[in-house]
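We have chain A; now place chain B onto it with these hints.
From first to last, the protein sequence lines stand for chains A and B. If you use this note's numbering, the first sequence corresponds to residues 1 to 323, in order. If you use this note's numbering, the second sequence corresponds to residues 1001 to 1271, in order.
Be a bit skeptical, because a hint or two may be false.
[Unchecked claim] If you only want the chain A side, here are some residues facing chain B, beta carbon under 10 Å, derived:
1. Tyr14
2. Lys131
3. Arg147
4. Ala158
5. Ser192
6. Pro260
7. Leu264
Keep in mind the hints are simulated off the structure, nothing from the lab. Just so it is clear, CB atoms sit at the ideal spot from N, CA and C, and this is done for glycine as well.
Here is how the chains run, residue by residue.
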Amino acid sequence: MSDIIICLFSGSGYDRAAQGVVGAGWRLANQLNGRLHAVIIGAHDPELNIRVASVADAVVTADQRDLAGYQPELHLNVITQICREIGPRAVLFGADTYSQEVAPRLAHRLGGAAAGDCLDLALQDGAIRVKRSVYGGKAVATIELKRSPAVVWLRARAFEPVATTSSSVTTVRQTRLTLQSDERTRIIERKSEAAGEARLEDARVIVSGGRGLGGPEPFKDLQEIAAMLNGQTAASRAACDSGWCPPSWQVGQTGKKVAPGLYLAVAIRGASQHMAGISDAKNIAAINIDADAPIFKNCRFGIVEDYKKVIPLLKEKLAALQK
Amino acid sequence: MNIIVCLKQILDPEIPVRDFRVDSEKREAVRGAANLVTNIFCENALETALQLRERLGEKSGGKITALAFGAETAEDTLRKALAMKADAATLVVNDGHPHPDPMAVAQTLAAAIRKIGPFDLVMLGRESGDWGVAQTGGLLAEELGAPCISFVDQIEAGADGLIVKRQTDNGWEKLTAKPPLVVTVTNNEFNVPRIPKTRDIMMSARQPITKWTLEEIGVNAAEIRSGGNYYEVVDLAIPVKDITCEFVSGDTLEQKVEKFAERIIEITRAL
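Here chain B stands alone, though its shape is the one from the complex:
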């Protein structure tokens, strides 16, 4: 079974609000001292893929290819994927707009996937921690002419295809699916990304990473570099919050909690 996991490198979403700045001219976040990390849902997708490969066992020959479309720095994301034990890694180098629109990303990933070869399963995170667009999976499925299941948190091999479990607004659904298939992955308690072993991290540094330019995968490179023509970010701003917390006071804990309870009742009655 050929599994392709798409991974996105993003600005660390955990940076505190006080350190966060935007460049309103370029309409993007300022990196500053922040780290670049792999988007968490992408790592959940990789973890889900690794567990599926383990379930499939040796003889089915499950192969996981990690695929990224991003700047040269995204090599770090692919090295980590290799350290987590992905079998191969491919980077489509983005030398254009730092945040292409989701259609441009989907077209690029689709072209790269066709160049990699026949696939059974393409897995992506359900959204990214930077722009949180949540469209790449769906658009990619359309580009590839494959069905799509979103918010997946578990995949097992069934008698006739795959058994996929996904989260819904207030519970879950189980689906049967025949590859080829695209899934977007969300987190649960069982797909927390594994920590790579030190030995595997060292080995990953020596493993080859295939690098392709936009020209090499046969997309409209000029259009992708310009950021695409699906949508345009026309403004990016930090919202101003004007709020101060009133800490309830009192001589005893009981007095404090009483005041706290009074405030709660006051607000809920006004709703």
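Chain A with its partners taken away, still in its complex shape:
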């Protein structure tokens, strides 16, 4: 009962989020002196399997054809089955849609306790404790999980990858389970609005727009600036709710929690709701017409001006500086 499972959905490769989950699992397994098992579920991804096998003590892949496309009930059943065979002390996930959907239900089925969007994971007198941001990022809570296994989903980028790799050779075991289809729910169509792009949670630079932009058009400029900086575009809830950009762009307590190296907030006031999504950003910069906008309280640098005047000049200056 000191083994750790890390559970990854294939499809994003060995991205920063997966590396963080592997890192957190590796450290916890070392502390508990247990084995680190990786469960990789979804379409067959040999590259991901090999990368994870260089760290984990055992890799189980659930990649048979019927599991290639995620189905909520089916995938939950499979993960439950594999976890029961291993009997872990903890199961760790990333913070993607599927992980968040599966984790609490898995905890219920295993008789364990879950906690989500965790920023830190520690062992205290044998109990697993997590830190998570609460009250819209205004406070941080430490939570002790009272049941075992602990089922935890981790905020992408909050956990360091593993520095070293194991010297022993780990074999990858492919499961061939008898699957019982569950027709109560079935995903019949999928659409990716940012095909080929990295997840917002993994972006190193984010250029984000808010209510102050006044409409959808200025987002084109923001996208241009983001492209110049090898970054991605995001938005506040107000901008998404106004239909100026897709909901998948939304950053904040009610959207994505991001941790870029630079977050450039354009015409975003910075209500605590929004700040909750960027509390892990290394640097925040802002363009806002109001010097008293709360966003500036968390900024490293800022400019108090109408964004309409700043943006064209900024494009010009950035282009010149990058030459």
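Relative to the frame of chain A, chain B by itself:
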């Protein structure tokens, strides 16, 4: 179709950081002068339910029951739900720990739902604006033995069940679903909660709200009142931020923007 929408009353998440305090002894936020409001995602869930009922039309007899587990003050949340035109409202009165763990909440809601009667659809917000636990929907589905779909932003009646659309990390998915079913709801541009009409607000004040004690719904009341035994909050603190904003200066706008651009390049090169 019987729809149950679970609603949570929370401390207004919009209160400014400077007014926010925590009681580290009790490990909860201090209410102070802040309002109590309905969690926004719960209102998105109710709005999505109301739109589904409208699509189903009169003859299908869609009925929406608003359900809350909370202090007596949560009656306000249910009155607002009635004003938005939910058909009925039930409050399970929480006279114990102000923030029971998500398993305690799920068990309480499940017991209340079984007492209300057969359901087709249970809808919840995807997370709350106070503790943001994001587990109640999933745990409730397990308690009820029903399938669960999260991050839903639209539901339509299909030929054979429901057509559910939900958001994913970088797009959306469409699902077919056969009731009974639990969904957690997120926001989009189409489920912004409607503003109730003045007349409906006045009418809601006279509508009955069913109130149950924990004993009446047949849960382990002592355990729920203690906050549950799933997890325990052992510390709550306000993080200290030590940062001051450097406002770029310059005689002209162009000079200011140039400095701003230089800082951006400096940081991105160091990443």
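- prompt: Quick check: which numbered hints come out false for this structure?
  reply: 1, 4
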